[in-house]
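Visitor: Protein sequence lines correspond, in order, to chains A and B. Residues in the first sequence are numbered consecutively from 0, following numbering that gives the first Met the number 0. Residues in the second sequence are numbered consecutively from 0, following numbering that gives the first Met the number 0.
Hints may contain errors.
Some but not every residue of chain A turned toward chain B, in silico, with C-beta under 7 Å [as the list claims (entries may be wrong)]:
| id | residue |
| --- | --- |
| 1 | Ala359 |
| 2 | Ser382 |
| 3 | Thr587 |
Derived from the structure by calculation, the hints contain no laboratory data. Since this is a predicted model, take the numbers as computed values, not measurements. C-beta: ideal position from N, C-alpha, C; glycine also.
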Amino acid sequence: MIAEFGLAALWLAAALAALQLIAGALALTPRGAALAGLVRPVAVVQGVLVALSFAALITLFAQTDLSVELVAKNSHSMKPLIYKISGTWGNHEGSMLLWVMVMGLSGSFVAAVERRLPEPTMLATLAGQAFVSLGFYAFLLLSSNPFTRLSSPAIEGAGLNPLLQDPGLAFHPPPLYIGYVGLSVAFSFAIGALVTREVGPAFARAMRPWVLGAWIFLTLGITAGSYWAYYELGWGGWWFWDPVENASLMPWLAATALLHSVSVLAARNALRAWTVMLGVVAFSMSMVGTFLVRSGILTSVHAFAVDPERGSFILGLLALNIGGALVLFGLRASSVTEGERFTATSRESALVFNNVMLSAILGIVLVGTLYPLLAEALGAKVSVGPPYFNPVSAIFAVPMLLVLMVGPLLRWRRDSLRRIRLQIAIPAVLLVGTLIWAASQAVGLLPALGLALSAALAVASVMPLRGRKLRQVKLPVWGMVTAHFGIAVALLGMASDAAFTTERLVAVRAGQVVDVGPWQVTLQRIEPVAGPNWTALRGDLAVSYKGGSVTELHPAARTFWAPPNETNEAALKTRWNGQLYAVLGQATGDGRWQLRLWWKPFVPMIWYGGILIALGGLMALLGRLASDLKRLVARDKIAYRRMRQGR
Amino acid sequence: MKAKHQRLILALIALVALVGAGVLAAWALRSQASFFYLPADYAANPPEAGRAVRLGGMVEKGSIKTAADGVTITFVIHDDKARVPVTFKGIVPDLFVEGSGAVAEGRRQPDGSFLADNVLAKHDENYVPREMKDMTTEQARQAIEETK
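Produce the entire structure from the sequences given, and follow the hints as far as they go.
Guide: Here you go:
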């Protein structure tokens, strides 16, 4: 029953999306104006229905209903409940339903609360949202139905990939999806504004919270995904330039650029066409990412569907949505470009520079991600990795970070560097000083640059607060300062990991002591342990920092039986100044065990930095929402007064 | 300066930066991308020593040997045409076994052997290193069967 209910809800939601598209489009014409009242309620109900459908799928997974094909293929009755639930989106069909649900819910939210846009733009936006949704509904219902029943129920499920059985991995897709799909709202806004040619500060102010919200979730998702890869895969790295990681980085880069250009548009009514373009590009990158991950043209831990039909379906959607948006942009761009001017030394210029550099990095990541696929189509096997991505993206990241230190200090429209020379001088001295120090420590070029930029940016990012009464500083400014400071923190972690990591790889007997950096590590014993659906060999390590108090670490090698697989559970010991990372290897046959140990100074800063960046975004979002609310209340008061006065 | 001129200049700057990024990317890809070699390619047309490449094939039965330090292993990667000795210092993936497929990332040594920084095997039952999917030799087909 539940499966049938879920499927029915999904079909109904799809039908409502079609109605929303038609009514929204017709309502823009003079003859269809009567339909205008229909669009918002339909959008709300559509979101509710698709959410019910997703709830039905979660229920099926929680109950391990083995008469449903998807559950039988991806779950197992012996699994802990939270992994049964996370198994709902740990597969192709479920994750697509999650995507459509987030899209439907954000559509209902826009329909329910957004009152700043002119009504025609709003109708066009909701129609655009419905158009994009419809493609994904068709994809789900026609080629990836999650509710298909088996002709006879399975006796037992096939299980969930053990790599996915980890709290970090199980719960990092939803925030990423909220981020991806949140950008669909920005996309629909851009379409709506292009259709009605209403691109201006009001449009930017309406769009900004959505961009901010999506960007916060993307930032958190990427941060969590990176930390998951770092501890779960056991190889001690935090970023691999894997196509799937790039798939989340590309929309983030576009959203970061969009976030800054939308601020220029809101504050200064400039960069109109560019902002609309970025709105289109940002969501396009989400879709390109989905295509890469879900089409089966690349193999990765995250890519489940190896099915050419689905690949071509998503490619078709991609071409239709992105192509359509670009054609619309081409037709309308010339009529929305009029904007305010600014000089070369101004806040606008710095933000334009940031936008161009972010776009260049985005281009580099995109080329590096697609090139192997292109080469493969031409018959060559190529792998693109850190030797390409690191230096080439650094060429654009370094100047961007340098301008980032100056930009927030500049005034809008027209300013001079002489006015802020003192604020620039301090970070500049720090930058050069750190570079000289790093050179004396024989640190590589990129890590040295990272350390120097980190030190300078940490100081430069708080400069905008200088000479102000801190209590009167507005929340969005605090947000900017926090996010920029977060970049400095994350950079410190990245550069320090690259520059100062110490590694030991040894084979030891029980009782032997190994030194790694300032740590002493003793292997005490290896013992078998068992969990709910796995058994493991666990190492008991006694570790002490510089001969201080002793604590235990337990790296383990786990064996799962459904499906049969082994995973390596690294063990971490975090201090304020870094992390000890221990991996248990294999037995060498003569009573020794392989141990891989890393001392990584300041590496957790990478993720603390990511959290700070997201927190900065949250502060900005709350600040904007609060001032929007104030404006709304004021407007209502005026309207009420007028009504009382009988006008 | 008119607004129109300013827009034009901005668009030109953006265009130059993006084209620059594209050219840079293309140049870097030509010189830096690590290329994939099968043992037969490796023997017939060896990569220059020291350049980062990937070598993929089957792990020869009986060829995995662990050195006295317990962490350095040597093994042979082969296809039906050639064999390449590989040295690797580290912890191999759990699914790295003799007779199965593997990809070694590393560099050719002057003596023709391969020094690996990293060894990839089946990630799990669904994950095959991408390059191994199209290997045409009998062993590779076998590997693909195994990894299904």
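Visitor: Now tell me if each hint is right for this structure.
Guide: To see whether the hints hold, each was checked on the structure:
With a least beta-carbon distance of about 4 Å to chain B, the hint placing alanine 359(A) at the interface is held under the 7 Å criterion. The interface hint given for serine 382(A) holds, since its Cβ lies 5 Å from the closest Cβ of chain B, which is under the 7 Å cut-off. About 4 Å separates the beta-carbon of threonine 587(A) from the nearest beta-carbon of chain B, less than 7 Å, and the hint is met.
Hint compliance for this structure: no hint is broken.
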